[in-house]
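J.: Each chain, letter by letter, is given below.
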Amino acid sequence: MKLHIPGVRIKHTLPDVAPVPSLTLPLPEKLYMPLSMHIGAPAAPCVSVGEQVYKGQKIGEARGAISAAVHAPVSGTVLAIEQWPSARGGECETVIIENDGLETLSPDLCPHPECENDADALVALVRECGIVGMGGATFPTAAKIDSARGKMDTVILNGAECEPGLASDYAAMLERSDALLHGIRLLLMACGAKSAILAIEENKGEAISLLSGKLPADGSVKLQTLPSLYPQGGEKQLIYNTTGREIRSGGLPADVGCAVFNVETAIAVAEAVESGMPLIERYCTLSGSAFAQPKVVRVRIGTPVRHISEAAGGYETAPKKIILGGPMMGMSVYRTDMGVNKGSNGILAMAESGSESERQTSCIRCGRCVENCPMGLMPNYLNLFTRKNAAEKLQEYHVFDCLECGVCAYGCPARLPLVQQMKLGKARLRAWQNAEKARKEAQK
Amino acid sequence: MEDRLLVSAPPHVRGGDDTQSIMLRVIIALTPALLVGFWRFGLPTLMITAVSVGSCVFFEWGYRRLARKSCTLGDYSAVVTGLLLSMTLSPAVPLWLPLIGGFFAIVVVKQLYGGLGKNFMNPALAARCFLFSWAALMNSWVSPRGVDAVSSATPLSVMKGMALPAESPMDCFLGLRAGCIGEISAAALLLGGAYLLLTKVIRPHIPLSYLLTVAVLTFLFPRGNERLTWMLYQLLSGGLLLGAVFMATDYVTSPGTDRGRVLYGIGCGVITVVIRYFGSYPEGVSFSILIMNLLVWLLDKWTTPRAFGYKKEANT
Chain A
1 MKLHIPGVRI KHTLPDVAPV PSLTLPLPEK LYMPLSMHIG APAAPCVSVG EQVYKGQKIG
61 EARGAISAAV HAPVSGTVLA IEQWPSARGG ECETVIIEND GLETLSPDLC PHPECENDAD
121 ALVALVRECG IVGMGGATFP TAAKIDSARG KMDTVILNGA ECEPGLASDY AAMLERSDAL
181 LHGIRLLLMA CGAKSAILAI EENKGEAISL LSGKLPADGS VKLQTLPSLY PQGGEKQLIY
241 NTTGREIRSG GLPADVGCAV FNVETAIAVA EAVESGMPLI ERYCTLSGSA FAQPKVVRVR
301 IGTPVRHISE AAGGYETAPK KIILGGPMMG MSVYRTDMGV NKGSNGILAM AESGSESERQ
361 TSCIRCGRCV ENCPMGLMPN YLNLFTRKNA AEKLQEYHVF DCLECGVCAY GCPARLPLVQ
421 QMKLGKARLR AWQNAEKARK EAQK
Chain B
445 MEDRLLVSAP PHVRGGDDTQ SIMLRVIIAL TPALLVGFWR FGLPTLMITA VSVGSCVFFE
505 WGYRRLARKS CTLGDYSAVV TGLLLSMTLS PAVPLWLPLI GGFFAIVVVK QLYGGLGKNF
565 MNPALAARCF LFSWAALMNS WVSPRGVDAV SSATPLSVMK GMALPAESPM DCFLGLRAGC
625 IGEISAAALL LGGAYLLLTK VIRPHIPLSY LLTVAVLTFL FPRGNERLTW MLYQLLSGGL
685 LLGAVFMATD YVTSPGTDRG RVLYGIGCGV ITVVIRYFGS YPEGVSFSIL IMNLLVWLLD
745 KWTTPRAFGY KKEANT
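So the protein sequences, as listed, match chains A and B.
First residue of the first sequence: 1, per the working numbering; consecutive thereafter.
First residue of the second sequence: 445, per the working numbering; consecutive thereafter.
Keep in mind that the hints were calculated from the coordinates and are not lab data.
Heads up, a few of these hints could be off.
What follows is a set of in silico ranges between Cβ atoms, one per label pair, in the way DEER data are often shown [unchecked claim]:
(1) 471(B) - 26(A): 38 to 46 Å
(2) 509(B) - 334(A): 47 to 55 Å
(3) 755(B) - 89(A): 31 to 39 Å
(4) 389(A) - 606(B): 55 to 63 Å
(5) 460(B) - 210(A): 42 to 50 Å
(6) 471(B) - 335(A): 53 to 61 Å
Partial pick of chain B residues on the chain A-facing surface, computed with a CB cut under 10 Å [what the hints assert, rightly or not]:
(7) 448
(8) 453
(9) 455
(10) 465
(11) 475
(12) 611
(13) 666
(14) 669
(15) 670
(16) 671
(17) 673
(18) 701
(19) 705
(20) 706
(21) 754
In silico PhoX-like cross-links for lysine-lysine, where the CA-CA straight-line distance does not exceed 20 Å [as the list claims (entries may be wrong)]:
(22) 745(B) - 388(A)
(23) 388(A) - 604(B)
(24) 423(A) - 444(A)
(25) 393(A) - 604(B)
(26) 426(A) - 393(A)
(27) 58(A) - 30(A)
(28) 393(A) - 437(A)
(29) 151(A) - 214(A)
(30) 222(A) - 194(A)
Keep in mind the model is a prediction, meaning the values are calculated, not measured.
Every residue gets a Cβ at the ideal spot worked out from N, C-alpha and C, and that includes glycine.
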């Protein structure tokens, strides 16, 4: 077995979450559907204010190849289409729907058995259903399949739970195992790949034992257990740790014959074929010290964060910090009235403010960041070059390859804000590159 | 309900170690060797250590205050420097010597370069070498068995004369020999080193490569006929263990990569043996580490890890 990419065991204050049974929450009165909740161009609204919409009806049309459609998660009335805070930060155009509580299904929804063996039809259906990567990256799935079709031999299913302390992937694998295996078969067919690897971290024992008993007899799907290290779910790391293939800098998984899909994405694909239901619901982990009991919930996309916390039993103590996503890369928010999106795998409410109150010293050159970096970079030197604005050095030391996974900052005894320094370093290098380009053009 | 939420950048969780806890563990690890020193050489050594630590702490505080910089006493690095400096001094030195040493270590070597993390030489070792300006004082030894200042040769100075010392290797291992306050007991130093390894403050690369290099060289080129005994005495005498475990592993002045650490340890070992064999001074540990300190930037550059995705024959 080849060497494993470095990673760290994250010790955190988050408790282990029991993944099942997941809780289905009462629906909110209003849902906020951001038209930009994926990588790529925002969707264009295709309903108007005051219009009656049905559950599963398309309300936003994908704009271009890298984009995703948006659907009504409930039946009701379109109250407004306006700028509203987004779970990705900032504001974006949002369709606000008033829930009529009737759950009337859109008449357009129907099973699509014709997609079982037709790759083109399946990709079209995936595009129509607004399916995106549900591990958090939210890259449009149809575009991913398209870019990789015929170029790959292995489909990798990411059941590694990208972030420590979350159990959304775990819950999905336990509760929707049949849909997952159906989804894997569909993705294999669509991508034209021969075999699939279902990669699960070793701390998800129940999912490993359940799924290993259900794998297809033809051996097309292999289950691979991985150590619970962070960032195990990173695309480049996952491909290397399962197949030993190394994507060159700036390359794509297809370059090494792989495509990676989150397990919940595969389930969404199966669901689209089985019932025609677009992506309007997902698993989300509620955890953190402000909650009495951590739990995994099924949420409709667009449900306000505040409604989810309250409907799941509210807080035990007043939260000082609320994080959308996981503890390592999640985003802390200052308001909670935005709707969750297709990538919202967790909501963490912390009763204590956490790392920022800690004592910072200057870098003591201990080298832990170098040991732990999953990309083999030297964050200690990158930090220095960023501070000195040494753009050429930032390039030489590959700042653009940084994942911003936070492993360096997590282990830093000096408590340096290394992730922000990497982001700043990238911005400084980009500015320098642009200036260089302009200078060269002026010389011509 | 939540009002006033805190917004901060990820990651939102942090590992357990911080600079202060690491320095504290170094202080704990130094304690056994210091205690052996106190036990063998008595009260004067306690005074020397107190003055050394006091001097380092005072000058750290005073300099930062005069320079209008933040107070950094809380990171305990000044305490560590003070302890290390006193451990490299003879138990017979007058008390003004560690006072000057503390000033040189903290102000000249560390703070003038920007403070913790910015100095390119180990402050305690650089100060020790500065104190060799008073060579006679630095080289007067005390017999380890009593506090009556009988001058006594250290095992290393005996070996400089190509003879084996009078003490048994076991005496050297336990600390029943003349020498600097903190260097006499190999057992105590190894205990401290094991604690640092177990608590993951240091990695084994530097001490192992350093000690192995010295072992191999002295075994291959012994003075006299008893190779193994000669090698054993070389390993157990002088400041080798103190240097290999506590000085060469100083984060700030050692390489940040494992391959760099191995090269650095080998370099320290080679220079130590060369000085011990060919220099006019019996001990070479301090000088070898300081010389290698100057090459750390080069070792870091040479041993920069290959970034992921930059394999030469990477799939295209």
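J.: Determine which of the earlier numbered hints do not hold for this structure and return their numbers in increasing order.
T.: Numbers 1, 2, 5, 6, 11, 12, 13, 14, 15, 16, 17, 20, 23, 24, 25 and 29 - these are the hints that the structure violates, sorted from lowest upward.
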